[in-house]
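Sequences listed follow chains E and H, in order. Residues in the first sequence are numbered from 1 upward in steps of one, following UniProt numbering. Residues in the second sequence are numbered from 1 upward in steps of one, following UniProt numbering.
Calculated from the structure, these hints are not laboratory results. Errors might be hidden in some of the hints.
Heads up, simulated BS3-like pairs for lysine-lysine below, C-alpha to C-alpha not over 30 Å straight-line [unchecked claim]:
{"#": "1", "chain 1": "E", "residue 1": "K64", "chain 2": "H", "residue 2": "K134"}
{"#": "2", "chain 1": "H", "residue 1": "K134", "chain 2": "E", "residue 2": "K134"}
{"#": "3", "chain 1": "E", "residue 1": "K164", "chain 2": "E", "residue 2": "K134"}
Not the full set, but computed from the structure, chain E residues with beta-carbon under 8 Å of chain H [stated by the list, open to error]:
{"#": "4", "residue": "G2"}
{"#": "5", "residue": "L3"}
{"#": "6", "residue": "S9"}
{"#": "7", "residue": "R10"}
{"#": "8", "residue": "K64"}
{"#": "9", "residue": "D257"}
{"#": "10", "residue": "G259"}
{"#": "11", "residue": "A264"}
Every residue, glycine too, gets a C-beta built ideally from N, C-alpha and C.
Below, each chain spelled out in residue letters.
Number of protein chains: 2
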Amino acid sequence: MGLRTISESRCFGGVQGTYSHASTATGTEMRLSVFVPEQGRSSALPAVIYLSGLSCTEENFTVKAGAQRWAAELGLVVIAPDTSPRGPNVADDPAYDLGQGAGFYVDATESPWAPHFRMYSYVAEELPALIADKFPLRPGALGIMGHSMGGHGALVLGLREPGKFASVSALAPIVAPSQVPWGTKAFSAYLGQDRQLWRPYDATALVEDGHRRPDLIRIDQGEADKFLGEHLRPELFAAACARAGQAVEVHRHAGYDHGYFFVATLIGEHLRHHAELLAKR
Amino acid sequence: MGLRTISESRCFGGVQGTYSHASTATGTEMRLSVFVPEQGRSSALPAVIYLSGLSCTEENFTVKAGAQRWAAELGLVVIAPDTSPRGPNVADDPAYDLGQGAGFYVDATESPWAPHFRMYSYVAEELPALIADKFPLRPGALGIMGHSMGGHGALVLGLREPGKFASVSALAPIVAPSQVPWGTKAFSAYLGQDRQLWRPYDATALVEDGHRRPDLIRIDQGEADKFLGEHLRPELFAAACARAGQAVEVHRHAGYDHGYFFVATLIGEHLRHHAELLAKR
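Excised from the complex, chain E in its bound form (with noise of 0.2 Å):
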């Protein structure tokens, strides 16, 4: 598997690149951002993949989330895909919650959707693949994270896979897509309409349907976030899991809304819950 630099820039004593590279799971050229610490030049450290939200690519949590400060201290490797196949001959759909950009981390099953949008896939399977193969990871030493769709994205992969990510949480995530109408639109283009196919996509579902991890998974949310009553709702994961026994801590905070500045805040204590969890590894 080819690695492809597109950029590398000093960061905060380590290295933050952006990359490509052909993808099996998407059929595209994929771009992610990686950043490694000091420390990944004489040890294998502790990972995080961080997903990102609607209309982001790579590159907006790499220069907006100052995770770099943080991932130096702790000592975490951390990359950050892009969230949807691109490219001219992908499909894709004038707005920004369908189509490129708008992955929703699923593999698609519908027309014209199929052939390219295989997120599910590529960050279950291909991508940590990649990363292990390339840069200085512990094995067994994964966690996933989000940002509102990526948020959705981390607790479904989270939840369908705890013995590949061992350590889960989430900003301002979509918790419950199925009942929301970002979810709907993107499962009915890409899934159809059977609503029982959007269940393994759907985090409120899949702890409804069993799923369990054994550790804690974490949640942030900000309080002046315009999209919290229609779209994101967590609530609704924090009450299937109460009902399933699931361990879950939902922080709400007043005055922060949905966009990077709330992030940015965030990011230090999430990178914090991985690197503690992960050290255990």
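Please build the complex by placing chain H on the supplied structure of chain E, with the hints as guidance.
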């Protein structure tokens, strides 16, 4: 002086806002970004103006530097103005290093720039008065710093206005614009061909001409910065300061380039430099 709120977001317990106002100095609507940490709700705080580099607006620093995390810890207000007047009725040039986005912190005397390109007066006079009026600032406790073209601006303003700016620092600054291509191009256009008229806008020349500061000037420079040898040349300023007895520290950092990953890595130490000097005011 009215201030129009473009956006405000909670960030690290404080408020990160973007505002605009009708500038008397430039005759245009000018934008600025202001971070007020939580301490500003009950106290008047020291503040630092950050001047950005070529092609930047007030936004680049605001979203990329991660300054809010340190400013919240140190109790500093941080203000980032735009780098030039802008608008359809403002002179411009297709090059990235002249015209809109490239004000060079001078008061232009030449056509077509003179009517609006008055960034020296804007930063020296109008901006300090505006922020003192609108935000919880402690009188006399104002520092200035900048990056690249903005580092040039900070050094010049700091040397010419030591009574107004109580602390000065720069990241990868243009220290001798009269001697390098970026500066000679801009100064020829904005100030004309008489090089004597450039000296008040050249930090190295200002030191040669007797300008001094009582405090230490801090400069940081990446050694993998592709502009180092042609445009930045910190050794010219260091030599002038050594001859003149002006205290300066130039910290060089192996492997770091010119971009915001370098700024993000050093911004905490720079804000600390300012906080320590401003604490005495």
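Status of the hints after comparison with the structure:
{"no.": "1", "hint": "E:K64 x H:K134", "verdict": "holds, 27 Å"}
{"no.": "2", "hint": "H:K134 x E:K134", "verdict": "violated, 51 Å"}
{"no.": "3", "hint": "E:K164 x E:K134", "verdict": "holds, 18 Å"}
{"no.": "4", "hint": "G2", "verdict": "violated, 25 Å"}
{"no.": "5", "hint": "L3", "verdict": "violated, 20 Å"}
{"no.": "6", "hint": "S9", "verdict": "holds, 4 Å"}
{"no.": "7", "hint": "R10", "verdict": "holds, 4 Å"}
{"no.": "8", "hint": "K64", "verdict": "holds, 5 Å"}
{"no.": "9", "hint": "D257", "verdict": "holds, 5 Å"}
{"no.": "10", "hint": "G259", "verdict": "holds, 6 Å"}
{"no.": "11", "hint": "A264", "verdict": "holds, 7 Å"}
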